[in-house]
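**Student:** Each chain, letter by letter, is given below.
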Amino acid sequence: MADIKDFQEPTHTNTWCPGCGNFGILMSIQKAFAQLNLDPKDTVVVSGIGCNSKIPHYIKTYGFESIHGRALPVATGVKLANPDLNVVVCAGDGDACSIGSAHFLHTLRRNVNLCYIIHNNQIYALTKSQYSPTTEKGYVSPTTPHGSIEIPFNPLAVAVTAGSTFVARGYAGNIPQLTELIKKGINHHGVAVIEVLQPCVSWRKDKSFDFYKDILYDVADEKFDTTNRSNVLNFLLEHDIYDGKVATGIFYKEDKPTYSDELKIGDKSSVAKQDIESIDISPLLDSLE
Amino acid sequence: MVTIKIGGPAGSGVMTVGTTIAKILKKSGLYVYTCTDHPSLIKGGHNQVMVYAENHKINSNIYRLDILVAIDETTITKHAQSIREGGALIYDSGAVKNLNIDRKDIHIVPVHLKGLAEEVGNKIYANTVALGAICGLLNTDEEITTNILKSTFQKKGDEIVKQNIEALKKGFDIAREKEFDTKVEKQEDNNRIMIDGNTALSYGAIKAGCKFISAYPMTPATSIMQTLAKNEMDYNIVVKQTEDEIAAVNMAIGAAFTGVRAMTATSGGGFALMSEALGMAALAEVPLVMVEVQRGGPSTGIPTYTAQDDLRFVMHASQGEFPRIVIAPGDAEECFYEGFNAFNLAEIYQTPVILVSDKELASAKTTIEKFNTDNLKINRGKLMSDEDMKSSVDFKRHLLTEDGISPRSVPGQPNGLHVGSSYEHDETGFTSEGAQNHIDHMDKRARKLDHIFDFVKGIEVYGEDEFDVQLIIWGSTKGACVDALPELEELGIKARIIQVKYVLPFPTQQFGDILDNDKPILILEHNKSGQLRGVIRENTGILLENFYGKYDSRPIYPEDVVEQVRKLLNK
Ligand SMILES: Cc1ncc(C[n+]2csc(CCOP(=O)(O)OP(=O)(O)O)c2C)c(N)n1
Ligand code: SF4
Ligand SMILES: [Mg+2]
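Chains W and L supply the protein sequences, listed in that same order.
Following this note's numbering, the numbering of the first sequence begins with 1 at its first residue and continues without gaps.
Following this note's numbering, the numbering of the second sequence begins with 1 at its first residue and continues without gaps.
These are computed hints drawn from the structure, not numbers from a lab.
In this text, a Cβ means the ideal position worked out from N, Cα and C, and glycines have one as well.
One or more hints might be untrue.
[Said to hold, decoys possible] Non-contacting residues of chain L with respect to chain W, defined by C-beta distances greater than 12 angstroms in every case (computed):
hint, residue
1, N100
2, E119
3, K123
4, G157
5, E188
6, R192
7, T199
8, S214
9, F313
10, K365
11, G458
12, I459
13, Y462
14, D465
15, L491
16, T540
[What the hints assert, rightly or not] For lysine-lysine, the following BS3-like pairs were computed, each having C-alpha atoms within a straight-line distance of at most 27 angstroms:
hint, chain 1, residue 1, chain 2, residue 2
17, L, K150, L, K186
18, L, K519, L, K494
19, L, K390, W, K5
20, L, K123, L, K186
21, L, K382, W, K273
22, L, K396, W, K273
23, L, K230, W, K273
24, W, K268, L, K457
25, W, K183, W, K31
26, L, K230, L, K150
27, L, K230, W, K264
28, L, K370, L, K57
29, L, K382, L, K396
30, W, K273, L, K377
31, L, K396, L, K444
32, L, K390, W, K273
33, L, K123, L, K43
34, W, K5, L, K396
35, W, K41, L, K162
36, W, K264, L, K57
37, W, K183, W, K256
38, W, K213, W, K128
39, L, K183, L, K162
40, W, K268, W, K205
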C-alpha cells in the first residue's frame, strides 16, 4: 500500500491560516489516495480559485488550479480525454454554487466519473469574507452590512435533483470518516459529490470546530435508505446544515453507466493516447460530391 | 458562365434546389461557388441561394444574375431587376398570380410547379420541377442530371427516384424551348471537390489528429462541431456539446492538458464567454485551438450574415499580456491547411491558436482540387514521450529556456508531476508572486513566438510582379479580390493582392519587404473601422489612406473591388 507521504508535497509552502479546515480535507484526500493505492502519475486533482483551490499544489499528483468556478469543466475535459486517470475535483462554495453553478448541474446529469469535493465554509474566504451562496439568510458581511436577503443554496438537494449518482456529506474535523467518504467517492463508478463542512477560522468564527463538535451525526448509524431518490431529496430539504443536528455520511448511491461508458466513439480507450501520426482522410474527401 | 439565384419562403426547399443544381454543374465539369442568404428564422421569411459556375476556378459570388428562380412573389420584387439582359426568370405560376414586371429583354418562363408535380403524382416534387426548368434552360447533360437525382433520392426507393426524374423532365421540357444564350457543355470534372470553409477546417482538424471538441451551438460556427460529430465513430473523436461556451473552452483546456489535440469553435458572442479561459490556456501553457467564425455584430447583431469585425476582439480578448497566434484563412483551401497547422503550432508553442473565419467563408461552397495531404506532418513540439520521461529527473514543466518553450509532460507519464495553473508560477508550476519570477516568465512566454515566421508564411501575395495597385486584405475578402484580377486586367489595371494570413504575431518584416510605398494602395475589409488597417499602422507605422470598408453584412463581390480600384485610380 502507498503511504500518505507519497502524496505530500513538502516543498510547496502552505499558505492556509493555521487551524483552517482545509488541512483536514487535504489530509483526508492524501489518506484516501494512499489507502486506495493510487498511482500519483495517474491521478489529477483539479480545482477552481479560492482558499480551498490551492489544494492541488499540496498534493503530489498531477493537478490543475483553474479559474473561479470552472474546475468541473476542466476536470470533465481531463476525464473524457483520458478515462484511465483518477480525477478528483476540489471547489469552494462560491466556485460550486455561485459562479460555477451551471457546470454543477450539467456535470451531475452527465455522470462523469469523478469525485467532486465541495469545501463548504459558507463564506467567500479568499476575497475576505463576503457572504456566499451557502451563507444563511440575514448574515452580515462586508457586502451585506444590513444582512443578506437570499435563502441559501442547498448543494446536496440540488445534486440529488440534478442526477448525481453518489451524494455525501463529510466534515473537515472528522478525518477518518471523511477519508472513507472520499475513498468511496473515488471508487464510485460515476459522479460523486461530497459536501464537506469546512470551518474557516478567520472569517466564520461562529462556524468553528467547536460549533460542529456536538451537532453532527452519521446517517449510516440510522439504517438510512440510500436508494430512494425522492426520500433522500425530502430528507435533504428538511434537514439543512443551519439548524439543530446536521447529518453526515452517504445519502444517496446509484449504479449507472458513466458518460465515458456511453461515449459514442469507435474506440473507447483514452483519446489522449491514440496515435495521430498518419490519419487517412481520403474517405472523407472521396465522399464529397 | 452562369449565375443562378433561387428564392422562396424559408422551408420551401430552395436550398435543396440550389445544392442539386450546384452538384449537376460541378459534375458537368464546371467550377461552382454556392452560398446562401437567409434570415435567422426556421419558417417564414425569405431564403435565397446563389449558384455561380465558371470554366475556371472562382472564389466568390458576383452581382450579375443570369437566371432567377422565383418560388414566391418576394423573390421577383427583390431581384427581377437584377437579371441581366438576355437572362431568364423562371417563376412558379401557381404561387405568383399576376406577374408584375416590365422586362421585355429577358426570357420569362412560367412553370406551374405544384400542378406539374401533381401530374407526376405528388406536389412534393415541385422543387424537382423547378430544378428541371433550370436544367432545361442550360440544357444540362441528361445522364449527369438523372444520376445526381438518383443518388439524392436512392434511399427513398426506386418509385421516388422515378417520379423525381419525371418531374424534372416536366420542368426541363418547358424551359428547353427557350433560346437561352448559355448552354452547359459536359467536360471532365477531374475529381475536384466542392466544400465549404467550416467543413474544410474540420477535415484539417481531423487530419491533424484532433480528437476532442467541446462547443456550444452558435451560427455560423456550429457546422464544425457537427462535422466532427458525424465522424466521431470513424475517427474516434470526443464531441461534447456543453452547457455554455465557458464550459466548452474549459473542457477543451482540460482535455488538451492530458495530451489530446483539442479544440473549440464559436462565434463572437461565445468567444466573449471564452475570454477568461483563453488567458488561462496561455498561462498554463496548454495547447488550445479556437475557431471564431464571425457574423455581423455587435451583440446578437445579424446572426446569419457575414462580417470581419472581430479581428481586434480575438487579438486582444482576455486580461493581461500573453502570446497567441491569430490566423485568418482566406478560402476553403486555407481553412483546411491552416486548420491542420493550427494544431501543430498550438503544440509547438504551447499557447492558444485562434483561427478567425466568417460566415461567407464558413458556409459558401467552392470547387477546388482535392487537398494534398502528403506534406502534412504532425509536429508535437516539446511533448515528451513516455520513454523520455522514464529517465527524467527534476522535471520542470515551465523551465526557463532560450526559446521560451518548455518540455511538456502529461498526466499518466512518470516523473512529470506538475500543477497546471492560472496563477503566475515558477518553473515547477507552483504559485509565485515574486517580482523577478514574474518578469522571467512573462519574458519566457513572450519570446516563444519570436521566430514563428521562420516556419510559417504570414503573408501571401497574388497577381503579377509588375503592378499598378496593391490590394491589402485578410480573410474571405481574398476571394472577391482574386476574382477581380481578370476584369481589372481587361481595364488595363494590374493589381497585386497582399493577404495578411497571420495577424498575430504580425509579420512586420515580411509586410514591410513586400509593400511598395510608391504605388497606390487600397485596403479592403468587411468592417467599418478598418481593423487590420489599424493593426498595420500599429506594427509598421504606415497609415493606409485608402480604405474600403463594407459593413452591410453582405459579402464583398469582385464588382465592388473593381469599382473601388477604378475610383482610386480614376480609371
Ligand atoms: C471571474 C472571477 N470573479 C471573481 C473572482 C474573485 N474571487 C476569487 S475567490 C472568490 C470566492 C471564493 O469563495 P469560495 O469559492 O467559497 O472559496 P474559498 O475561498 O471560500 O475557499 C472570488 C469571488 C475571481 N477570481 N474570478
Ligand atoms: S481564510 Fe478561512 S478558508 Fe481561507 S485559509 Fe484562512 S481559515 Fe482557511
Ligand atoms: Mg467558501
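**Student:** It remains to establish, for every hint, whether it holds in the given structure.
**Tutor:** Hint-by-hint comparison with the structure:
1. N100: Non-interface label stands for L/N100: nearest chain W Cβ at 38 angstroms, farther than 12 angstroms.
2. E119: L/E119 clear of chain W: closest Cβ-Cβ about 29 angstroms, beyond 12 angstroms.
3. K123: 27 angstroms, holds
4. G157: 21 angstroms, holds
5. E188: 16 angstroms, holds
6. R192: Violated, because the least Cβ-Cβ distance between L/R192 and chain W comes to about 9 angstroms, which does not exceed 12 angstroms.
7. T199: 8 angstroms, violated
8. S214: 7 angstroms, violated
9. F313: Answer for L/F313: holds, closest chain W Cβ roughly 20 angstroms.
10. K365: Per Cβ check, L/K365 is inside 12 angstroms of chain W; nearest 9 angstroms; violated.
11. G458: Given that every Cβ of chain W is farther than 12 angstroms from that of L/G458, nearest at about 26 angstroms, it holds.
12. I459: For L/I459, whose nearest Cβ neighbour in chain W is about 28 angstroms away, the distance exceeds 12 angstroms, so it holds.
13. Y462: Given a closest Cβ separation of 25 angstroms, the condition holds.
14. D465: 34 angstroms, holds
15. L491: At about 36 angstroms from chain W, L/L491 clears the 12 angstroms cut-off, so the statement holds.
16. T540: Fine: 35 angstroms to the nearest Cβ keeps L/T540 off the interface.
17. L/K150 - L/K186: Within the cut-off at roughly 19 angstroms; holds.
18. L/K519 - L/K494: 11 angstroms, holds
19. L/K390 - W/K5: 22 angstroms, holds
20. L/K123 - L/K186: The given pair, whose Cα atoms are some 31 angstroms apart, is violated under the 27 angstroms limit.
21. L/K382 - W/K273: Holds. L/K382 to W/K273 sits at ~16 angstroms (cutoff 27 angstroms).
22. L/K396 - W/K273: Since the Cα atoms of L/K396 and W/K273 sit roughly 22 angstroms apart, the hinted pair holds (cutoff 27 angstroms).
23. L/K230 - W/K273: 22 angstroms, holds
24. W/K268 - L/K457: With Cα atoms ~38 angstroms apart, W/K268 and L/K457 exceed 27 angstroms; violated.
25. W/K183 - W/K31: The given pair, whose Cα atoms are some 9 angstroms apart, holds under the 27 angstroms limit.
26. L/K230 - L/K150: 23 angstroms, holds
27. L/K230 - W/K264: Holds, at roughly 11 angstroms.
28. L/K370 - L/K57: Satisfied, since the Cα-Cα distance of roughly 13 angstroms is no more than 27 angstroms.
29. L/K382 - L/K396: Distance of about 13 angstroms is within 27 angstroms: holds.
30. W/K273 - L/K377: Answer holds: W/K273 to L/K377 is near 18 angstroms, not above 27 angstroms.
31. L/K396 - L/K444: Holds. L/K396 to L/K444 sits at ~14 angstroms (cutoff 27 angstroms).
32. L/K390 - W/K273: 17 angstroms, holds
33. L/K123 - L/K43: 19 angstroms, holds
34. W/K5 - L/K396: Within the cut-off at roughly 21 angstroms; holds.
35. W/K41 - L/K162: Cα-Cα ~63 angstroms, so violated.
36. W/K264 - L/K57: 39 angstroms, violated
37. W/K183 - W/K256: Satisfied, since the Cα-Cα distance of roughly 18 angstroms is no more than 27 angstroms.
38. W/K213 - W/K128: 25 angstroms, holds
39. L/K183 - L/K162: Distance ~26 angstroms between L/K183 and L/K162 Cα, so the pair holds.
40. W/K268 - W/K205: Since the Cα atoms of W/K268 and W/K205 sit roughly 49 angstroms apart, the hinted pair is violated (cutoff 27 angstroms).
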